[in-house]
Amino acid sequence: MSSRGPMRLGKNYPHPPSQQQQPQQQQQQPPSQFYQPTAPYPAAANNYAGDFGMPQPQIPPSYGGDFNVPQPPPAPSHNAFFSPQTAFYAPPSQQQMPSNQAMPGVEYLSNNPLFNVGLNVVEQGMKDFTGKTVNMLPNEMKKSISSIKYYFAVDQAYVFKKLCLLLFPFRPRNWSLGYSADEPVPPRVDTNAPDYYIPLMSAITYVLVAGLVLGTQDRFTPEQLGMHASSVLVWNIIEICVLCFTFYIFNVQSKLRTLDLIAYCGYKYVGMIAALSSYLLTHSLFVYRCSLLYVSLSLSYFLVKCLRLQILPDTGGSQPYGSNGNKRRIYLLLLVVILQPFFIWYLTRHLIVD
Amino acid sequence: MSWTSGDFYNQQYIGPTSYELQEQYTNGNFMPSSFQFNSQQFYSPNEYLSPTVSSTLDEIENIEPPLLDELGINFEHTYKKTKSVLNPFATSDTSILDDVDLAGPLVFCLAFAFSLLLLGKIHFGYVYGIVTLGTVGMSALLNLMASPDKPCSCIYTTSVLGYCLLPMVILSFASFVFHFNGFFGMIIAIIFILWSSISASKLFATSLAMIGQQLLVAYPCALFYGVFALLTMF
Numbered sequence: 001m002s003s004r005g006p007m008r009l010g011k012n013y014p015h016p017p018s019q020q021q022q023p024q025q026q027q028q029q030p031p032s033q034f035y036q037p038t039a040p041y042p043a044a045a046n047n048y049a050g051d052f053g054m055p056q057p058q059i060p061p062s063y064g065g066d067f068n069v070p071q072p073p074p075a076p077s078h079n080a081f082f083s084p085q086t087a088f089y090a091p092p093s094q095q096q097m098p099s100n101q102a103m104p105g106v107e108y109l110s111n112n113p114l115f116n117v118g119l120n121v122v123e124q125g126m127k128d129f130t131g132k133t134v135n136m137l138p139n140e141m142k143k144s145i146s147s148i149k150y151y152f153a154v155d156q157a158y159v160f161k162k163l164c165l166l167l168f169p170f171r172p173r174n175w176s177l178g179y180s181a182d183e184p185v186p187p188r189v190d191t192n193a194p195d196y197y198i199p200l201m202s203a204i205t206y207v208l209v210a211g212l213v214l215g216t217q218d219r220f221t222p223e224q225l226g227m228h229a230s231s232v233l234v235w236n237i238i239e240i241c242v243l244c245f246t247f248y249i250f251n252v253q254s255k256l257r258t259l260d261l262i263a264y265c266g267y268k269y270v271g272m273i274a275a276l277s278s279y280l281l282t283h284s285l286f287v288y289r290c291s292l293l294y295v296s297l298s299l300s301y302f303l304v305k306c307l308r309l310q311i312l313p314d315t316g317g318s319q320p321y322g323s324n325g326n327k328r329r330i331y332l333l334l335l336v337v338i339l340q341p342f343f344i345w346y347l348t349r350h351l352i353v354d
Numbered sequence: 001m002s003w004t005s006g007d008f009y010n011q012q013y014i015g016p017t018s019y020e021l022q023e024q025y026t027n028g029n030f031m032p033s034s035f036q037f038n039s040q041q042f043y044s045p046n047e048y049l050s051p052t053v054s055s056t057l058d059e060i061e062n063i064e065p066p067l068l069d070e071l072g073i074n075f076e077h078t079y080k081k082t083k084s085v086l087n088p089f090a091t092s093d094t095s096i097l098d099d100v101d102l103a104g105p106l107v108f109c110l111a112f113a114f115s116l117l118l119l120g121k122i123h124f125g126y127v128y129g130i131v132t133l134g135t136v137g138m139s140a141l142l143n144l145m146a147s148p149d150k151p152c153s154c155i156y157t158t159s160v161l162g163y164c165l166l167p168m169v170i171l172s173f174a175s176f177v178f179h180f181n182g183f184f185g186m187i188i189a190i191i192f193i194l195w196s197s198i199s200a201s202k203l204f205a206t207s208l209a210m211i212g213q214q215l216l217v218a219y220p221c222a223l224f225y226g227v228f229a230l231l232t233m234f
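Protein chains in written order, with the UniProt record's numbering: chain A, 1 to 354; chain B, 1 to 234.
No wet-lab data here; the hints were simulated from the structure.
Even for Gly, the Cβ is constructed at its ideal location relative to N, Cα and C.
Be a bit skeptical, because a hint or two may be false.
Covered by chain A, per the in silico footprint, the following chain B stretches (three or more residues, Cβ under 8 Å) [to be verified]:
id	region
1	140-149
2	208-217
3	222-229
For lysine to aspartate or glutamate, the following EDC-like pairs were computed, each having C-alpha atoms within a straight-line distance of at most 16 Å [to be verified]:
id	chain 1	residue 1	chain 2	residue 2
4	A	K143	A	E183
5	A	K255	A	D182
6	A	K305	A	D260
7	B	K121	A	E223
8	A	K161	A	D190
9	B	K121	A	D218
Label pairs and their calculated CB-CB ranges [as the list claims (entries may be wrong)]:
id	chain 1	residue 1	chain 2	residue 2	range
10	A	L281	B	L118	29 to 39 Å
11	B	D69	A	I238	51 to 61 Å
12	A	E223	B	H179	17 to 27 Å
13	A	A181	B	E70	48 to 58 Å
14	B	L215	A	L167	13 to 23 Å
Chain B on its own, in the form it takes in the complex:
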């Protein structure tokens, strides 16, 4: 047995290396480093406590990652992604999409459903059902349309579609203030749908390398957001 893990794994590792930990545990009774069955070393409660008591605060914190890291919520990335959705025509750093998180989309979907509450419609179930069906269908379509060496997971599709729901949330909050009925309201809704679908299709087309298919990806996104517009307006 050896604690030497190869260079391969140590490249990006920041915390204490195996050597430091090995040093920490050799004076105590943690077995794997050596096979010395010294009765003194084998479970003496005092010595068992000493490594943790004498260790610094850093090492206690290193055992458990911070809560936000564990949950996968990165506020800076969320803010950047939201900004890139709000301005679909600006070039953005697509590497922020690498960490797919569902916290932002969850917040946006709940905000949309709450804004429907303001209009007197209790459609939480419909919002959930449409989001589920839409993301499953969208990821199926993307997997069928894109090249086979760039598969696209359901979680990624959910994340992108959820972030691009933000303009529809703005539309539904705005429709509480102004009444979007009639022809003028339909034009406003179409503008917001186009805004959402352009930003979603831009993200999909760049990350899945779909050449000459961006409009083809934008149309299903427009249908998806059109359902939300229907829920808002009627």
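Isolated chain A, as found in the complex:
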């Protein structure tokens, strides 16, 4: 199927417009079959903008303020439609903008709207062929991708504030999460919301800083980078498994989701980087131990304040488990808080040479 001729997608995806799709595709196929032998080669293989002269964009594009070069509408580069303000948490089932993918080559699978179109075409085809409904990409996977996108809806101000908070949480402030219509608000808006950007970036930075420390000690080989990355991944998995198992054993019902827990357990890498950098700058064991102590204290304080509202029961809420649940919840919180300094110490001690 050539990329000539855009496919117009309706607002409500996936299935209702798919029946509209197929007549359109069939209409557009006969001309292309006859066209190709006449044209020795397509005109200007890179000039896809010229092929879309006919259809007008459904929504006029709105431009953000960050551009150096003004572009004439419709934008020929990537998509004819975009709204910069929608860098927000939006489930893909509600919002499928038509995309004129002007770039050849492999498209990132799960987030390309055309991929969903292809999936639905295949599903429809399989249904017609075999008479059974086939679900190519399970709906759970689409939902989980959109729920992970929530954690990446961050901006620079949020990241800066959160980093300051991780290193100095001792100021009195409001630690409660914001909600809108029973859904947690994205991190862009609420500084207390967990995110995945900081843990991911700090974990990778930890691997690089470890490489740097090894390099100053003449112990660096590129395999060390891979080994540190694997150890980060494996210890994270072990920690999350232990915590989820403990939640299950203690039978604690809380608002804390597993995805949130992964985010909170990822904040320790910021402290690790701070401790390693202080060692790198001063090469003194005393400074390293002091910074380790301070980082552990501040991270514990931060986690207690954040998780207290989510794991421990509200004072006014009804608790089906009574006062026994409170003790278990406190122990669970203590477990989470004690694991973090332990991991900080364990993952940095082999880099410190006396």
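Based on these hints, arrange chain B on the given structure of chain A.
Only chain B this time, still in chain A's reference frame:
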């Protein structure tokens, strides 16, 4: 059957139109234009040869595109992109990024790996692995962070990150001449990393319309190029 393709397809087309080709083939034996089963017309080798023999040199060339077009290498675009990488603070024409080509990035990666050879390190496999992992991770991150109606393909990310590798290539060639060890060397490396990541993040932020996230895109790029700096220095 008809050869009339609509105006829609003929807008940008430069070569011979369907009418000219139809004329060319009606005297011969190329079937689709008419259903006249004249034995004279149906495969007579002389007449089969005549259209190609009598056609001009232009039409022979029109059948096959030039080699560089086929490979997708456009030297002028490559030069412009390289210039825009070398000077990240100058406003550039972002429409040149529309054609994603991997030839420039391939040359830069090979040049980087060769410069490591000068330092006595045979790290071709590590360079390849880091480029692969880094571009896959970067495109995943960009797709998760950007708005859903502006998806970003792996090839595009590879192209941008590969072009912005040029300062690291300069760093590694320079580290063969001067020895970057110690504190001063680290400062120089940090400057080059910042140079690469500023130009890469500028390209990403303008093309993906990420407002207020340019520093957030610059940091993963800095991590990516930091690995190359580590390979160079240690």
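If any of the earlier hints don't hold here, list their numbers in rising order.
-> No numbers; nothing is violated.
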